[in-house]
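Starting from the given sequences, assemble the full structure and let the hints guide the process.
Order-wise, the sequence lines are chains A and B.
Following our numbering, the numbering of the first sequence begins with 255 at its first residue and continues without gaps.
Following our numbering, the numbering of the second sequence begins with 71 at its first residue and continues without gaps.
Hint data in this document are derived by calculation from the structure and do not stem from the laboratory.
Treat the hints loosely; a few may be bogus.
[What the hints assert, rightly or not] Footprint (simulated), chain A over chain B, 3 or more residues, beta carbon under 8 Å:
id	region
1	97 to 106
2	183 to 192
3	217 to 225
4	239 to 249
5	290 to 300
6	323 to 335
7	355 to 364
[Unchecked claim] In silico lysine-lysine, PhoX-like type, Cα no more than 25 Å apart, as pairs:
id	chain 1	residue 1	chain 2	residue 2
8	B	Lys314	A	Lys483
9	A	Lys256	B	Lys171
10	A	Lys257	B	Lys174
11	B	Lys132	B	Lys332
12	B	Lys132	B	Lys216
13	A	Lys515	B	Lys171
14	B	Lys132	B	Lys314
15	B	Lys115	A	Lys385
16	B	Lys171	A	Lys257
17	B	Lys325	B	Lys132
18	B	Lys332	A	Lys385
19	A	Lys483	A	Lys460
20	B	Lys325	A	Lys460
21	B	Lys174	A	Lys515
22	B	Lys216	A	Lys491
23	B	Lys149	A	Lys460
24	B	Lys314	B	Lys133
25	A	Lys418	A	Lys355
26	B	Lys325	A	Lys483
27	B	Lys172	B	Lys149
28	B	Lys149	B	Lys325
29	A	Lys385	B	Lys325
30	A	Lys483	B	Lys332
31	B	Lys133	B	Lys325
32	A	Lys483	A	Lys316
[What the hints assert, rightly or not] Label pairs and their computed distance ranges (CB to CB):
id	chain 1	residue 1	chain 2	residue 2	range
33	B	Phe83	A	Gln415	44 to 52 Å
34	A	Ala304	B	Asp307	27 to 35 Å
35	B	Leu263	A	Ala423	30 to 38 Å
36	B	Pro254	A	Gln415	18 to 26 Å
37	B	Met348	A	Arg322	38 to 46 Å
38	B	Pro278	A	Ala304	51 to 59 Å
39	B	Met348	A	Val504	37 to 45 Å
All C-beta atoms, glycine included, are put in the ideal place defined by N, C-alpha and C.
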Amino acid sequence: MKKTISQAVIYLILILVSIIMIVPFVWMFLTAFKTTAETTQIDPFVIVPAVWQTQNFSNVVKAMDFVRLYANTLGMIALRILCAVLTATLSGYAFARLEFKGKNIMFGVVLLQMMIPVQIFIIPQYVMVSKLHMTNTLFGLLFPGLVTAFGTFLLRQAFMQLPKDLEEAARLDGCNIPKTFLYVMAPLTKSAMVALGIFTAVFAYKDLMWPMIVCPDNRATTLASALAKMNGQYQQKYPELMMAALISCVPMIVIYIIFQKQFIEGIATSGGKL
Amino acid sequence: MKKRASSRQISEFVWGWVFILPTMLGLFVLNIYPMIDTIRQSFYKTGDFGKGNIFVGMANYKKVMGDTEVWQALWNTAKYALVEVPFSIVIALLLAVVLNKKLKGRSVFRTLFFLPMVVAPAAIAMVWKWLYNSNFGLINNVFGIKVNWISNPDIAIFSIAVIGIWSVLGYNMVLFLAGLQEVPRDYYEAAALDGANGWRQLINITVPLISPTIFFVLVTRIIAAMQVFDLIYMMIDLNNPAWKKTESLVYLFYKYSFEQSKKGYGATVVVVLLAVIMVLTVFQLVGQKKWVHYE
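In structure tokens form, the structure reads like this:
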């Protein structure tokens, strides 16, 4: 009896928290299809739009080139994942499995970068991009993500967990270091690479300050930074604002729901091992 | 035999450096040089129209010490962190303990709580700004109240911290769940036999055993909270009366460096932020000996 009551209380709490988590998204969705008049009346307070205003979608897409914004955001994410996985797998392997002079100092540099708030890098990074005349380009968006200290650390951890015998066996079979890395070791860290890829994608998609600074142009910027702009321009036009927010987060939510296990585990392993 | 070993050593040296070269080159260009350059710039005053630097020694730091706006921003940031960090950790820990049990719908709850982690803070801030709207917002109308959540200078920063908690709850919870996986079940069985109730089990078994995870989450959450920017930038317009009471240090850095082109002073603000974060982290590293139990 006591067990059923405590069970019921637990479910009650979980459902309550779920409602708190989900209501902002539901409200965003409902508002995105209302008229402005419906959002600015309180007697009666409108919950569900009387007529679903699908033209809010076309209005917003007309005002902001979302296809372009998506292309920019996805381009940045793809390039960042590619760079991160490639460079971090290589350096992670070397830090985990090879002995060479200078290794500890260099790994100290990796740790240092991880501990320092990113804002300290931003002014000079921006100056570099602008000296290269690369503001408002995809390269500008990619720039801080060319390499990753965090990914190096993550892959190093993954390589360290692999058994030593594997490498020994490959070596006795006559594999040199690049071959051992490429054919024996790297394929075994796939799950760490996936974790790094997911982490990189989520981080890049959410970032606001860098794209705002380096790609202020509407045609070159990312979803997050475009939302910030609309937020300033549209002020009280909440249906349009919510439609824009909806457009920019629905695909990510869908991908998350499909691959939720990988997402959650990827982020949990990347966070938990720091 | 000796010769073979040394040829292996040479090969490890060469390949080791080849493998880390792209990463290290990148880190030096993208991070180490910028870090030094930012510190250097903090000793310079940026000329008019953002052109030309004049060496001013410690003048920027002296100005920061007497700049009430910087102190206010530091206090705003601290208030945000003081609310966001403890609440997001305690609530997440409780949820993790509950979800660690065999429970129907466990993965559905986990998926839901984690959801805000995959949405851009820019979009989250827009939605919450609308929820908080004092006239037409959902919150005031559902509860029949009239609170100026984000325009009342006394409460605005706390309203924003609530969004911070909401956003990061699922993330902390997932990290705690990962930590809980490693707690042996028989500890709880033994405690249950001794008559310890759920609450005592939490305080006496769970918390000490996952204290390394709690410590990790605490350190990273404080660092992240001290860098709060997106939510505040999106929520607070320049004509918002709560503006001065919500500006964070990173917001101030952004404003000076990129809106007003005073990169020298912006650099000084961000070096101050670095110093604050370092002091906080060192304190925690020293303090952890008192409460974090490693096996």
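Now the hints, each set against the structure:
| no. | hint | verdict |
| --- | --- | --- |
| 1 | 97 to 106 | holds (count 9) |
| 2 | 183 to 192 | holds (count 10) |
| 3 | 217 to 225 | violated (count 0) |
| 4 | 239 to 249 | holds (count 8) |
| 5 | 290 to 300 | holds (count 6) |
| 6 | 323 to 335 | holds (count 5) |
| 7 | 355 to 364 | violated (count 0) |
| 8 | B:Lys314 - A:Lys483 | 21 Å, holds |
| 9 | A:Lys256 - B:Lys171 | 17 Å, holds |
| 10 | A:Lys257 - B:Lys174 | 15 Å, holds |
| 11 | B:Lys132 - B:Lys332 | 16 Å, holds |
| 12 | B:Lys132 - B:Lys216 | 43 Å, violated |
| 13 | A:Lys515 - B:Lys171 | 18 Å, holds |
| 14 | B:Lys132 - B:Lys314 | 21 Å, holds |
| 15 | B:Lys115 - A:Lys385 | 20 Å, holds |
| 16 | B:Lys171 - A:Lys257 | 13 Å, holds |
| 17 | B:Lys325 - B:Lys132 | 19 Å, holds |
| 18 | B:Lys332 - A:Lys385 | 18 Å, holds |
| 19 | A:Lys483 - A:Lys460 | 15 Å, holds |
| 20 | B:Lys325 - A:Lys460 | 20 Å, holds |
| 21 | B:Lys174 - A:Lys515 | 17 Å, holds |
| 22 | B:Lys216 - A:Lys491 | 21 Å, holds |
| 23 | B:Lys149 - A:Lys460 | 24 Å, holds |
| 24 | B:Lys314 - B:Lys133 | 18 Å, holds |
| 25 | A:Lys418 - A:Lys355 | 21 Å, holds |
| 26 | B:Lys325 - A:Lys483 | 16 Å, holds |
| 27 | B:Lys172 - B:Lys149 | 37 Å, violated |
| 28 | B:Lys149 - B:Lys325 | 20 Å, holds |
| 29 | A:Lys385 - B:Lys325 | 21 Å, holds |
| 30 | A:Lys483 - B:Lys332 | 22 Å, holds |
| 31 | B:Lys133 - B:Lys325 | 16 Å, holds |
| 32 | A:Lys483 - A:Lys316 | 15 Å, holds |
| 33 | B:Phe83 - A:Gln415: 44 to 52 Å | 24 Å, violated |
| 34 | A:Ala304 - B:Asp307: 27 to 35 Å | 30 Å, holds |
| 35 | B:Leu263 - A:Ala423: 30 to 38 Å | 48 Å, violated |
| 36 | B:Pro254 - A:Gln415: 18 to 26 Å | 21 Å, holds |
| 37 | B:Met348 - A:Arg322: 38 to 46 Å | 41 Å, holds |
| 38 | B:Pro278 - A:Ala304: 51 to 59 Å | 56 Å, holds |
| 39 | B:Met348 - A:Val504: 37 to 45 Å | 40 Å, holds |
Violated hints, listed in ascending order, are 3, 7, 12, 27, 33, 35; each of the other numbered hints is respected by the structure.
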